[in-house]
Amino acid sequence: MGDVILTMKGIDKSFPGVHALDHVDLEVRKGEVHALMGENGAGKSTLMKVLTGIYHKDSGTITYEGKEVEFSNPREAQDAGIVIVHQELNMMGHLTVAQNIFIGREYMKGKLIDDKRMNEEARKLFDQLGIDIDPTETMSRLTVGKQQMCEIAKAISHEAKVIIFDEPSAALTEAEIEELFKIIRDLRAKQMGIVYISHRMDEIKVITDRVTVMRDGGYVGTLITKDCTKDDIINMMVGRVIYEDPKTESAVSPDAPVVLKVEHLNAGRMVKDVSFELRKGEILGFSGLMGAGRTETARALFGADPKQSGDIYVNGKKVDIKSPQDAVKCGIGYLSEDRKRFGIVVDKTVAENSTMASLEYYMKGLFINKKKENEAAQKYVDLLKTKTPGVDQLVVNLSGGNQQKVVIAKWLIRNCDILIFDEPTRGIDVGAKSEIYQLMSELAAEGKSIIMISSEMTEILRMSDRIVVMCEGRKTGELSIEEATQERIMHAATLRE
Amino acid sequence: MEKIKQNAIVKKIGFNRLVLICVWILLYILFAVLTPIMRPNNSFVSYARIISIMRYACFMGFLSLGVTFVIATGGIDFSIGPVMFCAALISGYQLTSRDWPLALCLVLCILVGTIFGIINGLLVTYGGLPSFITSMASMMIAKGVGSVFTKTQSVSWPQSTAENGWYRNLLSVQAGGIEIPVGLLILFAGAAVCAVILNKTMAGRYILCIGSNREAVRLSGVNTKKWETLAYIICGTLAGVAAIFYVAKNTIVQPGLGDTFNNDAIAGCVMGGTSMTGGVASIGGTLIGVLIIALLQEGILAMGYQSHYQYIITGIIVLVVVYADLRSRRRRN
Amino acid sequence: MKKKILAVLLSTAMVATLLAGCGGNKADTTTTETPDAAETEEAAEPEAGAEETADLSGMSFEIVSKGLQHQYWQAVLKGVESKADELGVNVHFVGPDSESNIDQQVTQLTDALNANPTAIGLAALSTDSVMDLLQQAMDAGVPIIGFDSGVPDAPEGSVLANCSTDNYAAGGIAAENVYAAVSERIAAADGTVRIGVVAQDNTSESVVNRGLGFIDKFAELAAADGYGVSVVGNDTYIDRATCEVSDDAKVIIDVRVPASVTSELSVADVNSLLGESDILALYGSNEHSANAIISAAENHSEIGTGEDQVICAGFDSGAAQLEAVRNGVLLGSITQAPVAMGETLVELLVAAAQGETVEDVDTGCQWYTAENIDDPEIAQNLYE
Amino acid sequence: MTDKKNGNAFTNNPLVRAIGLQKIVVLLVLVVMLVFFTSVSSTFRQYSTVLSIFDATYYLAFLAMGVTFCLITGGVDLSIGTGMFCYALAGGYMITHKDMPVIVGILVTLACGLIMGTINGLIVSRGGHAPFLATLCTMMIVRGLGAIITGGASITWPSSSSPNGWTRLLFKIPIGDTRYPLGIVWVLLVAVLLSLFLNKTRPGRYIIAIGSNKEATRLSGINVANYQMLAYIISGLCTGLGALAYCSAYQSMAPSGGGGIELNAIGGAIIGGTSMSGGSGTVAGTIIGVCFMSVLQIGLPMIGLQANYQQIIIGIVLIVAVYIDVLKNKKLA
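Taken in order, these protein sequences are the chains called A, B, C and D. For the first sequence, the positions run 1 to 497 when this note's numbering is used. For the second sequence, the positions run 1 to 333 when this note's numbering is used. For the third sequence, the positions run 1 to 384 when this note's numbering is used. For the fourth sequence, the positions run 1 to 333 when this note's numbering is used.
The hints are simulated quantities; they were obtained by calculation from the structure and are not laboratory data. Incorrect hints may have been included.
Listed below are several chain B residues computed to face chain C (Cβ distance under 10 Å; list not exhaustive) [what the hints assert, rightly or not]:
1) 41
2) 49
3) 56
4) 147
5) 189
6) 201
7) 306
8) 307
Reference listing, derived: stretches of chain B covered by chain D, where coverage requires no fewer than 3 residues with Cβ under 8 Å from a Cβ of chain D [unchecked claim]:
9) 21-28
10) 115-129
11) 192-200
12) 253-259
Every residue, glycine too, gets a C-beta built ideally from N, C-alpha and C.
Given the sequences, and given the hints that come with them, work out the whole structure.
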């Protein structure tokens, strides 16, 4: 580790009603990978937005290369050498790779853009990184992983001195993550300062040198990564100790009836010949890397996307599921991975969201029986311990975890026996997470059957009774909880054709 | 300010609607004061003028109520004006040239609107086409169909004194020298029904939710296409109803026209607080919005201006109202 | 929320200021008695005249026209204004923004009634649409004077008099002149010949009547010479033409109406008519249609008054048409007397308001060509 | 390495990809249509028809090229049709009523386009209004403005034989007895310039980027609002040019007219492969699409179809074109 390149000291930022950053400190040295950790809403992104000029700080100082600076927009920060690789992919799908990389600072030949030179420069950049991408290809035709690599190439091409990675690995396959780490190590060797934001504890241990932890907009502390344990970091993040013990044996008897059987399901390019069974009272974990086709399988099963072939049996009876309507009629409920887009209607009330799938139960003739509806919603608010001032509260005002509970309530009110939980704890803080876990266990104990798709290995191992592993659209393994280990799952998850 | 908002009556009516009512009253006072100044010997405060406002508001109100449903789903319908004309042409042609009974023609009139609603709805939901360009295309088709059907002739519905003229009583009745605005009562009744549909029934619930987040509703196992199509059908049907009030006002209807009414109808709806992005709609607001536009039209005429000013003012008001809506929404998030 | 209210209030205020601010360039003509005019009048006329002027100043008239779009209406407005100035009466002149916007005219007429005028001048787009209002005016004792095409088929007693052009007869005059120009060529033609009629619409009575007058007269003349006639194209005209129609017609009268009143569509109609191999003559039945013919002439050298060229006739005047007549693009055109019509209208209104009996006035129309375009008698009715 | 998500040997052919499959298909359909009209109608074969088609193409081409930029940013400009009339009225008013030299009239026309374009751009980019709503409002505003400027009268630009008529000669130059469609040169010139601007300059590149992913473009340090505004300014300016072309072809225009022309222009752009959802579109494609529309407009009356049928056909063509665009996007997604 070299000299300090960037110091943020006493950064304070308030939004109307929220004290988003409360005197936060951060120090990044040349040639280090510095992890920035914290629960969702801890203020990591806000801090980075202050740094790159998207927000303006209320007080505090930013010292960069020995000089105090304040950037008024991302462009200025970029020009100074501070670049951010965003969590969401920031690509212009209709432009080519090279055009994307050099957007905003095109090479010019007179008054016109020199596309030829841009392609050459992009190619050089990729060679340097050891990635094989054609700079003239249209961005939208690349895989998600490749697009992410382009993002990184773009960041590097800014002659950056400080690069911020905001959850870069979220959309990458294991192999691509390896590739990413290789690049990050290269960058570190070149004496760049790297800020690495991630929720994946394992990655933090592997790649970072120091960890700064934030909680509720405040600075908690900075640790040397190799000197601390996972639990140390988690403790700092939540302020309490959490034990994440894996499940050791299945709670489901082997002769429990099969409630859902899927045979030879094919859908799109991401689901190829998938077959599995789900038993009553079972939590069936779906593991695999990003892009393994788990969500796609769930969506095809649920009728959200069209399927090409395959048979589905519910309680032994063959059913034809063409749309989510059919699925719901069969007693299947689906919690989407993307809650905001597919789960809740944000500007409607808790009650309205809760009864979304079962409104016909709450009709009095042609009209909605508001009283009955509110009672039902209130019942599940109490049952799931949803924190809301009332059932007429707009869902947009709830926290992520409580929004998730509203979605769960929606399916429970519908009385679905088969529940598909797609990344149920994504974007939820640690406290709410364990509540969701407990809830799932209770549901299973009541006889509901659950398919849980998760990218977190610990979550899979902790919750599942049985684990299905997918890779590149195929089912590549099925493990009972007794025989499942991280290594075995990972082995299956990388079992390519 | 907060105190006013928390007041029970204010809450019941809705703060925004209350503001709109105040705007209406203010405008009325403004016109009442300015009219005698701008045009001597003239007054704005008279029963006849109220009736005149009502006559315009009636058909415009039904158009606007209909389009409120479509806008609530996040769509738009530019075909309502021409569809209204098309419906009046086809049914009027049957009435005058084919001697169909009047009651049947009124049903046919509404039905023609319904059919266009169905076509628009199917194209938008099952065809997946953007609503605004689809409805513009069907606007042309409605114009064309109307004129093909009547062989490009305008159609004169019967006068009130003539046989079959009773349909005009739907708009207003002369009783003892006083004109009773029956149409306004029907409009209010229609609005009440619309409000019930939008707020108290499954259809309304889903239409609003679809406007807010279509995918989430679909993944809840709801047949979103059905409900969204229904919004267009309601819109088309109400355009058919509007046609009856249009002919009750003017008796004559010409082929190839009607698109000028779209703007006022949409403006009335947006002014009333229905969000162009969908998910938020207010029937009461729409009603007041339409009344404001009708008042504007009457007031501008009364002050002695050509109607061109009305277009400009309506345009500006809509921009301002939508901007205020955007601002308050942005702040909330 | 405060800002929202503020915004709404602001927009209201804006409306007010906009209205007030625009006071200077109003499209209407609220002319009040100007002292100058009164003085000169007093000086020029005997004392009885002065007394009359004083009498009239309390009068206010509402005039609802068919629009202000065409130069024709601008000329009517000019006549109305000058006469109103002269007599010192208040006149308020309005019209819908297009000649097809019936709803707007109905609203405008309602407003006119509500303004409690001494009398109303009306050029109805459609009599049907204003029937109730006419009755209402009669009940209220407000006399109505029709102008332009008048108010045909109005209920007895509601419209006291019309000062109008007989559009049907005017169309006939055009037909006579066109027929005279092409009769030899009809006789010489082996096959059929085609006469094109370009109409702005088929909903406005005056436009339709000008077309029908042309069609019927032309057919009558052709039939007199022993030719069969047929009418094709727009159904309104086919249905309402009263002329004899034969199956093996030598003369085909082809009527085209655009989908909406814009120049490019009317020009497309003209183009399509000119493309017919048997086309002999074209008639544009109002300013809009005549201008479409003139525009199309840019592309079609076959339009003109020379040998073997397509003979074209127009209606009304305006800069483009006057020039086209001078240049020989148009054979000639019909002019009404809009300025005189405006003046007569005001006179009739005043007379009706004073309870005098008024009678219909035909303001007449004239056929003008390159030769007589500068005759003082014609020139006074032409306007740019 | 790249994902060839769809397509076969033909669609992946480099030449086909360079030109764009849709453009090739539309060109073929255009040729088929021309052959059809030529064989059915003798009129269509004449030289004057060629001139008429060009007349109908010029103004539409300018409008469509302008609106292409708005469509590429993911927006739309509905004010172009009415706007074109308004600007031409303002310019013509200067010449005919204020006795200004013709050049002043031309400059006023262009300046009006520029100003309204800027206003549209400001409302959309700074005000955050939905483009179609914003431009719907400005459409109402220009509709009123045009009429107010001229006092409700229509305007006739100087004819080509008058000393002031040289504007018309700019688009159609007489050499000897024949007139040549000189306007084609200006349209192509503007097309080449705009195409170069779109593909080879930074502002053009950013306009595509905004339509493709507005947020990403913003985060790339690009002033999104400015370039979004620029698209509307271009549209306004092109509308000004369109107004001049319209005057030169048709000479006179009436106030409150022009509504509906924007549909032909937008339709032309979409037929030419510009996507309603933004991010893709080419000037060349738009020109081809516009030719498609103008050939229809001139050709249909010549095969004996009355105006009412034309509207139905154009409406259906529009729906089909948009449907193809939707299918295309679905495939890409």
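Here is how each hint holds up against the structure:
no.: 1; hint: 41; verdict: holds, 6 Å
no.: 2; hint: 49; verdict: holds, 5 Å
no.: 3; hint: 56; verdict: holds, 6 Å
no.: 4; hint: 147; verdict: holds, 8 Å
no.: 5; hint: 189; verdict: violated, 23 Å
no.: 6; hint: 201; verdict: violated, 30 Å
no.: 7; hint: 306; verdict: holds, 4 Å
no.: 8; hint: 307; verdict: holds, 6 Å
no.: 9; hint: 21-28; verdict: violated (count 0)
no.: 10; hint: 115-129; verdict: holds (count 4)
no.: 11; hint: 192-200; verdict: violated (count 0)
no.: 12; hint: 253-259; verdict: holds (count 3)
Comparing the model with each numbered hint stated earlier shows that hints 5, 6, 9 and 11 do not hold.
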